[in-house]
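Given these sequences and hints, build the entire structure.
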Amino acid sequence: MIPYHRWLTSRLFRSYLAVFPFIWMLGKAANAFTAAQAGLPPFGFHVLTEAVVCVLELVVLATYLRRDNQDILLANLGLSLPAALAPLATLHFVLSGVGALLV
Amino acid sequence: MTNPIYAADSIDVRLGGRPILRAAYVDAVPGTVTALVGRVGAGKSTLFSVLVGRRRPDGGVVRWKEERWHRARLWRLARCGVCFAPDRPWLAPRLTGADHLRMIDPGNGWLSLAEELGITDWLETRVGALSGGELRLTEVAVALARRPGAIVLDEPFRGLAPLYRDRVGRALRAAAARGVAVLYADHDARLVQETADRLFSIEQGMTRPVSDFRDRPLHEWYHGWPQ
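Just so you know, the sequences run in chain order R and W. No gaps in the numbering here: position 75 of the first sequence is 75 in our numbering, and each next residue is one more. No gaps in the numbering here: position 2 of the second sequence is 1002 in our numbering, and each next residue is one more.
Calculated from the structure, these hints are not laboratory results. As the structure is a computational prediction, the values presented were derived from the model and not from experiment. We treat Cβ as the ideally placed atom computed from N, Cα and C, and that holds for glycine. Heads up, some of the hints might be wrong.
[Said to hold, decoys possible] Coverage of chain R stretches by chain W, computed from C-beta distances (three or more under 8 Å per stretch; other residues unrestricted): (1) 7 to 18; (2) 31 to 40; (3) 74 to 82.
Right, here's the structure in full:
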């Protein structure tokens, strides 16, 4: 397996970092819509809801990667998809937290 | 010849009750090129997908040295020293070949490998912009850059121009000369005769080793697989 710090600084991981905010925005829009429908603040921060949305976003990204067979590339590097994408969960919570503070 | 380092043993796969693989066996030996040949639909890709942990078999085991798995996982196998190149593109199309190789070895130890494979001209080109032959050679370079103990390739010559077929074949031979256990599936008789040291054939989901495949005339291959 390639060392994990090398994975986090690789151009491949950075390309996922570049794509993920767009998926996050889709997830945030859907989350805000359902919250508004339920009469809740659309940009509130609820850990459980954020965790569910985060998992859905990672599933969307994983599906996109599988379509390009990049799950095979990652596996050949010794990385399972969950291990490779897990750091993006941090990005989700940071973006959602900052969004809740700003709005 | 040394013992197999990597094997799929007694593999059964059924789809909708129909047997696809029946006690199928294939293995890879360090320092040799092993080919698996069979007609389209014979079960080559299914057997490879079990071997590299992309499919759960209904029976049988995958062995790597002393370890045995009923359901292997490619990322686990990769940590042991296996690399898999499927029959479709698997590199990140927006990255260059050099990006992939640097991810594996930031010290540029792969440069000699790249020169040996003759891929230096397009190493800084995005993978998505490469021709089929350039891409396949780059994939082989990425697979070999990890210094695997075994490399499994599904139809590595498919759709390639003759020039690139020969270069991929030479790359596989060179990898075997360095001690890598090379295993590939294909149905090009000439390339198999030129490239492989060992041969398994598969028909109707059953495999068997073929010992004298180099001495047989090519036309036999097209009118029936070796008995």
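Practice problem: Please write out, lowest number first, the hints stated earlier that are contradicted by the structure. | Solution: 2
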